[in-house]
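*Asks:* Sequence:
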Amino acid sequence: MSRKLKIFTDGGARGNPGPAALGAVIYDDSGKVVKKRTGREAAE
1 MSRKLKIFTD GGARGNPGPA ALGAVIYDDS GKVVKKRTGR EAAE
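Numbered by the numbering used here, the letters in the sequence shown go through residues 1 to 44 in order.
Straight-line C-alpha distance at most 27 Å; calculated DSSO-like pairs for lysine-lysine:
#1 Lys32 / Lys4
#2 Lys4 / Lys35
#3 Lys6 / Lys32
#4 Lys35 / Lys6
#5 Lys6 / Lys36
#6 Lys4 / Lys36
Estimated spans, in silico, between C-beta atoms of each pair:
#7 Arg14 / Lys36: 21 to 29 Å
#8 Lys4 / Glu41: 27 to 35 Å
#9 Ala43 / Met1: 43 to 51 Å
#10 Gly23 / Arg3: 19 to 27 Å
#11 Val33 / Gly12: 20 to 28 Å
#12 Lys6 / Glu44: 31 to 39 Å
#13 Glu41 / Met1: 30 to 38 Å
#14 Ser2 / Lys35: 15 to 23 Å
#15 Lys4 / Glu44: 35 to 43 Å
Source of the hints: derived by calculation from the structure; they are not laboratory data. The beta-carbon is built from N, C-alpha and C at its ideal position, and this holds for glycine as well.
The whole structure should be built from the sequences, with the hints applied where relevant.
*Replies:* Here is the structure:
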């Protein structure tokens, strides 16, 4: 049995190096959200 998923991702940063953020959402083949994820990272 195979399973199809749609994965949407995005991210960005201010400066190089600089603070950054990301986001991702995974949907199954019926359009139901399987997983959501966000994150932030500070520049060192």
